[in-house]
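Visitor: As a plain string of letters, each chain reads:
2 protein chains.
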Amino acid sequence: MKINDKFFMKLAIDEAWKYQFLTYPNPSVGCVIVKGDSEILSIEAHKQAGQAHAEVNALKTAFLKYHPNDVIKTLNDSFDIHDYLKRKHNDFFNDCTIYVTLEPCNHVGKTPSCAQLLSELKPKRVVIAHEDINKEAKGGLETLEKASVKCELGCMKKEAYELLYPFIKWNSGSFIFYKMAQTINGTIDGGKISSNHALAYVHALRDRIDLLVIGGNTVRVDKPILDARHVIGRAPNVMIYSKRKIFDKDIPLFKVPNREVVISNDLFKLLDYKFVMIEGGYNLLDKLKEKVDFLVLIVTPKMRAGLNIENNMDIDFEIIHENFIGKDKLIYLKRK
Amino acid sequence: MKINDKFFMKLAIDEAWKYQFLTYPNPSVGCVIVKGDSEILSIEAHKQAGQAHAEVNALKTAFLKYHPNDVIKTLNDSFDIHDYLKRKHNDFFNDCTIYVTLEPCNHVGKTPSCAQLLSELKPKRVVIAHEDINKEAKGGLETLEKASVKCELGCMKKEAYELLYPFIKWNSGSFIFYKMAQTINGTIDGGKISSNHALAYVHALRDRIDLLVIGGNTVRVDKPILDARHVIGRAPNVMIYSKRKIFDKDIPLFKVPNREVVISNDLFKLLDYKFVMIEGGYNLLDKLKEKVDFLVLIVTPKMRAGLNIENNMDIDFEIIHENFIGKDKLIYLKRK
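Protein chains in written order, with UniProt numbering: chain A, 1 to 336; chain B, 1 to 336.
In short, the hints are calculated from the structure, not lab data.
Treat the hints with care, as some may be off.
Computed cross-link-like contacts, DSSO-like style, restricted to lysine-lysine with a CA-CA straight-line distance of at most 30 Å [stated by the list, open to error]:
1) K10/B - K47/A
2) K135/A - K65/A
3) K302/B - K249/B
4) K302/B - K192/A
The structure displayed is predicted, hence computed values, not measured ones.
The task is simple: from the sequences and hints, build the whole structure.
Guide: Right, here's the structure in full:
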């Protein structure tokens, strides 16, 4: 296997995917720092909005690798880490290459500008997979080049684009994904999520999204709560996708405090929300597939007879990414 | 992400899996060489029986990283590379850690002893995931320790065991795997292998195995050739699993030169062969599941209505490994 820019960028992209969706409204970004030719110092990601950017996490970890007891270990605030590195870097990064999946930010927001920081640290090279699309934050490449830092743009751009895609949609309207759990042979009644890992992940998503959409039938039959209790998170607002507007209001989902529930079959309503998760099976997927950006499949490695595609339904996908979630698979698909 | 022994061993294991089955009758082995603390010099694997072992490929690539125009570049024969490195290493590996998924071999066979070579190169550490189980080849760890090379055994042993499992079975009897192609929702008629990548892989497997098993019904209906033409390989011997012994001998599989065809429903016959692939659907899998070591699924990311599990069939699996094969997935499963 070749150990080159693509190899290191792939590590950055894979690390970022671990936090996909969880960084909302920020993009999912990964960063790898390599000293000399191929000495890996750090593989880090941006983990949550308001917290340190990927570059800052990676710079801190890299610095600690050579200075394991340095005071930077105690710093968590981005402004503090920026300030500390600017004063104490002592040219440590001069022979380093920074691989980052997204152009370093150029503006001071909740966290200071990464492009500014890198300009002062003067790494040997900054390899960027994808340019920023955010008007406020972009210009990082220019800032770096003005500071005579050598930059390269476009390494694994396609893969970085898929990683960035939810953020692109959040910025221009809505990102809508469909979550489904199934067995390895595609049955959805046999694929009920049972692992704690997968449950916690779904609840973490519910904690982040603006709206959860669910079919009327599921509400009537399964009577779910649809909250985020497994991560002690916020229960999302819910839209019940249904023509029939009458529901038993004793169903638990109606009783969650501080939650709005809309009952509607008007898909235009989805566009009022930036980040939407739909939970359902094949029938609802077939109805809504034109509106869906990603299909997120949780696949449990069992074979079971059971509910699968019933009538004709042909959808071709591309696999965008996949992770393990405990013993189960998490597969991100995009319609071709 | 932590950059530690496990991180590097995982790279070695993943690289080895790319050649799983293709190294038969040798084990699939990966090797990563790291200089200093985390400078990755090479990620290599054993690719085919008779060719260089993983360690030798990795040592050669690592040496070339620092000596890009060295004459070692022109050497491919294992004895030549061993001999050259012993004479010319110039202590290059003294600050290197060698990560290898299997204990380095201790005997001189088609290729010379890797333990012997490493003893002379004197790396800083040799980290071994799994001990050798081959009587002839084992003892490498002892040889290394006698030469005062620091060794550690057991890093990612469970993962290395799964990687080694076919080899363990080849050594003690038979390894039997079941190959099935399906869509992402489990239909097997919608999952016909169409990509050239996947086709070539299946043909490469056919070129290696001792016996291909196929159901009588498939032979009657599909009339397949079951050769390895896509890799210009050897067509395997075939066992048609069928109670009814009468077949139309004009079916192409009977006309392949130098091929034996057995028609039988006696599963004990499988144990006469070391390396067996069964190709089929759910029904045959359900019948033969007790005999199967691995299920190898080729999953194409489409959703299609079609043939799936028909009656009751409950199998729980563990995902052992997975790769991409072009745009499709290759998933290795083991029954729980």
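Visitor: Hint by hint, say whether it matches the structure.
Guide: Hint-by-hint comparison with the structure:
1. K10/B - K47/A: With Cα atoms ~23 Å apart, K10/B and K47/A stay inside 30 Å; holds.
2. K135/A - K65/A: Violated, because 35 Å separates the two Cα atoms, which is more than 30 Å.
3. K302/B - K249/B: This hinted pair is violated, its Cα atoms lying about 36 Å apart.
4. K302/B - K192/A: holds (21 Å)
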